[in-house]
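Work out the full structure: start from the sequences and follow the hints.
Protein chains: 2
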Amino acid sequence: MSKLRNDRLLRALRRKPVDCTPVWIMRQAGRYLPEYRETRKQAGDFLTLCKTPELACEVTLQPLRRFDLDAAIVFSDILTIPDAMGLGLSVNEGEGPRFERAIDSKTAIDALRVPELEDDLGYVFDAVRMIHHVLDGSVPLIGFAGSPWTLATYMVEGQSTRDFARIKALMFEQPQALHALLDILTESVSGYLAAQVKAGADVLMIFDTWGGVLSHTEYREFSLSAMRRSVEALKSDEMTRHIPVILFTKGGGQWFKEMADSGCDALGCDWTTSLAIARDTVGKRVALQGNLDPAVLYASPDVIERAVESVLDDFGAGDGHVFNLGHGITPGVNPDHVRVMVDAVHQKSARS
Amino acid sequence: MSKLRNDRLLRALRRKPVDCTPVWIMRQAGRYLPEYRETRKQAGDFLTLCKTPELACEVTLQPLRRFDLDAAIVFSDILTIPDAMGLGLSVNEGEGPRFERAIDSKTAIDALRVPELEDDLGYVFDAVRMIHHVLDGSVPLIGFAGSPWTLATYMVEGQSTRDFARIKALMFEQPQALHALLDILTESVSGYLAAQVKAGADVLMIFDTWGGVLSHTEYREFSLSAMRRSVEALKSDEMTRHIPVILFTKGGGQWFKEMADSGCDALGCDWTTSLAIARDTVGKRVALQGNLDPAVLYASPDVIERAVESVLDDFGAGDGHVFNLGHGITPGVNPDHVRVMVDAVHQKSARS
Chain A
63 MSKLRNDRLL RALRRKPVDC TPVWIMRQAG RYLPEYRETR KQAGDFLTLC
113 KTPELACEVT LQPLRRFDLD AAIVFSDILT IPDAMGLGLS VNEGEGPRFE
163 RAIDSKTAID ALRVPELEDD LGYVFDAVRM IHHVLDGSVP LIGFAGSPWT
213 LATYMVEGQS TRDFARIKAL MFEQPQALHA LLDILTESVS GYLAAQVKAG
263 ADVLMIFDTW GGVLSHTEYR EFSLSAMRRS VEALKSDEMT RHIPVILFTK
313 GGGQWFKEMA DSGCDALGCD WTTSLAIARD TVGKRVALQG NLDPAVLYAS
363 PDVIERAVES VLDDFGAGDG HVFNLGHGIT PGVNPDHVRV MVDAVHQKSA
413 RS
Chain B
63 MSKLRNDRLL RALRRKPVDC TPVWIMRQAG RYLPEYRETR KQAGDFLTLC
113 KTPELACEVT LQPLRRFDLD AAIVFSDILT IPDAMGLGLS VNEGEGPRFE
163 RAIDSKTAID ALRVPELEDD LGYVFDAVRM IHHVLDGSVP LIGFAGSPWT
213 LATYMVEGQS TRDFARIKAL MFEQPQALHA LLDILTESVS GYLAAQVKAG
263 ADVLMIFDTW GGVLSHTEYR EFSLSAMRRS VEALKSDEMT RHIPVILFTK
313 GGGQWFKEMA DSGCDALGCD WTTSLAIARD TVGKRVALQG NLDPAVLYAS
363 PDVIERAVES VLDDFGAGDG HVFNLGHGIT PGVNPDHVRV MVDAVHQKSA
413 RS
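Here the protein sequences line up with chains A and B, keeping their order. Per our numbering, residue 63 is the first one in the first sequence, and the count goes up by one each step. Per our numbering, residue 63 is the first one in the second sequence, and the count goes up by one each step.
In short, the hints are calculated from the structure, not lab data. Certain hints may be false.
You can't tell identical chains apart in this list, so a pair holds if it fits in one copy or across any two.
[Stated by the list, open to error] Here are the computed lysine to aspartate or glutamate pairs in the EDC-like style, where the Cα-Cα straight-line distance is at most 20 Å:
1. K312 / D332
2. K410 / E283
3. K78 / D166
4. K312 / E280
5. K103 / D332
6. K312 / D225
7. K260 / E97
8. K168 / E97
9. K319 / D342
10. K103 / D172
11. K168 / E155
12. K260 / E178
13. K260 / E249
14. K168 / E180
15. K410 / D364
16. K319 / D405
17. K65 / D198
18. K346 / D375
Below you can see the structure in the form of structure tokens.
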């Protein structure tokens, strides 16, 4: 912690006092930045960009050159794990991810293996090492993974879906098969996150993009329990136990009580959840991250500043707030508006 | 109430004892039924089906011939009001609704008028009268409307959207213009619902499909407040004050406390909300409707039966539960599975 010149994020995640509220942005290295689009063009396609450590490092650092952000997050994709399992990932602009070999049977699940970390995912750790080196302690580096449930959803659906019919059919008809899949993914996620720490990540985040399509009981059984086991594995390993872990379930605001009991250090909030109510719910157990509606960034600077203020006010006085959007930044946003937001967070939250 | 031979729905909405839990299904008259697809083909297109009272009556009654449902719901669309305002609605299979003249300015909002009910929407009331006549007191008839916010969303976006960029830009940049639009829609919705009651509707429901894309504060300001005013108008009119009103905000589980204070009689719950937790939240103020995940209907009969039991158990003992799906039934469902669900609700909830 002391080795970082800017440790606001780590302090806030541990609910310690800060000089002002730290801020970073989900998908801060992304298509809204012209320099990102340039590097992406150079890479040829999205996966090449992810798999070329020099390029992943470059796009990771781009937003930090523009904005006064309090963290970097390694540029990668949540689907690197199923890709490493041999499912044949492709990502096409506008269409979303697609797997050539989606999981369609218990037999296919039984054939899966936890990836060999250095052999199959070494490019991610290379990128983390490289970014860690270039950052040189200026700000912390966040490593991440998709949640086991979210990864399972993509692996079984094979592509973007609106009704989640395949994964839910598996859940209803063959819950034990789904648990077997989640077990493999839970072990993979824990190992993958631990390896990112070994390579230089200072904070970890688990993105549960699709936990919110489950009922309250299914969420606990199929999403939260797997995340909890991943967190427990990290917290019982000497190398990773002191690394703050952020859980983010999009649409999970109703389940914060159980999520806060998972052993994680912070919960990501989408913008439907009041931070004030969330604080009442979680007490002092965890910090909170969020939760400006990404659509606010399309508005004018004064609207953005008032909206930032409103999020800060909603959290209120006290420690344990990391400012972020409630979901990833969208491609059409004007980068100048991002600067307005980042600067407003620091100015309006400055402790006197 | 006494004129109905099956008044389970009305009793449950008023939190009175019932012999077994009433059940109906959102979009129960729909594409999963071969006889619906046949009538739809006969009509030529979706809007002609809505606008031809004989055909709307026919498809409304189709699910009641197959299943032991405790209510009919008039076959119509939530976008009849903006269509009657002259926005030029078209609905194409697979693509969703589209307006030829979307609302793109304050000037366009100022030009809008509350529709002339009998002139512009008479076909809906004709259908209600016809269905009411044919039902002849066998089960209650539900009338409905889209919420002002949800209608505004479609009117401003002009078509289906994933990011709600236009309506949110209006909300952030010109909140007074959006309020002017919501005022017109609130008045239209109240009048439209009252006219359905006059034509024979026994219960009313307001569908707030898109309230869940708002933040907690925006939801109160732009969606709930308009619904509350619609409900107040209905509750202050001698003709409609005794008609139960159900509010349903998809994704609104976090806001049940405020929703229950709106003056409505029941809240619709999507499947992410625990009915037990919702009951704790709303107390005895309102009944609850829901909330089986529609995807369960793709599962096998024994899974469906267990899932029905689990929803009934989640609500627990006591009055005030209307069984439904947590969202509309999807086109691919096997009608035999719907029968399994409906019969299981009645059997497993039968009071001895």
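Going down the list of hints, with the structure as the test:
In this homomeric assembly, K312 and D332 come within 20 Å of each other (Cα to Cα) both inside a single copy, at 6 Å, and across copies, at 16 Å. Proximity of K410 to E283 under the C-alpha cut-off of 20 Å is found in neither arrangement, the shortest distances being 41 Å within a copy and 24 Å between copies. For a Cα distance limit of 20 Å, the shortest separation of K78 from D166 qualifies neither inside one copy, at 47 Å, nor across copies, at 47 Å. In the homo-oligomer, the alpha carbons of K312 and E280 lie at most 20 Å apart both inside one protomer (15 Å) and across protomers (18 Å), since each shortest distance falls under that limit.
With identical chains, the CA atoms of K103 and D332 are never at most 20 Å apart, being 31 Å at best within one copy and 42 Å at best between copies. For a Cα distance limit of 20 Å, the shortest separation of K312 from D225 qualifies both inside one copy, at 16 Å, and across copies, at 15 Å. With identical chains, the CA atoms of K260 and E97 are never at most 20 Å apart, being 29 Å at best within one copy and 62 Å at best between copies. In this assembly of identical chains, the alpha carbons of K168 and E97 never lie at most 20 Å apart, being 44 Å within a copy and 36 Å across copies at closest.
Within a single copy, K319 and D342 get their C-alpha atoms as close as 10 Å, and across copies as close as 15 Å, so both meet the 20 Å cut-off. For a Cα distance limit of 20 Å, the shortest separation of K103 from D172 qualifies neither inside one copy, at 38 Å, nor across copies, at 46 Å. For the homomeric pair K168 and E155, neither the shortest alpha-carbon distance inside one copy (31 Å) nor that between copies (35 Å) is at most 20 Å. Taking the closest pair of Cα atoms, K260 and E178 come within 20 Å of each other only inside a single copy of the chain (15 Å); across copies the shortest separation is 69 Å, beyond that limit.
In this assembly of identical chains, the alpha carbons of K260 and E249 lie at most 20 Å apart only when taken from the same copy (17 Å versus 61 Å across copies). In the homo-oligomer, the alpha carbons of K168 and E180 never lie at most 20 Å apart, since the shortest distance is 27 Å inside one protomer and 58 Å across protomers. Only within a single protomer do K410 and D364 lie at most 20 Å apart by alpha-carbon distance; the minimum there is 13 Å, versus 57 Å between protomers. Proximity of K319 to D405 under the C-alpha cut-off of 20 Å is found in neither arrangement, the shortest distances being 32 Å within a copy and 35 Å between copies.
Proximity of K65 to D198 under the C-alpha cut-off of 20 Å is restricted to the intra-copy arrangement: shortest distance 9 Å within a copy versus 78 Å between copies. Only within a single protomer do K346 and D375 lie at most 20 Å apart by alpha-carbon distance; the minimum there is 18 Å, versus 32 Å between protomers.
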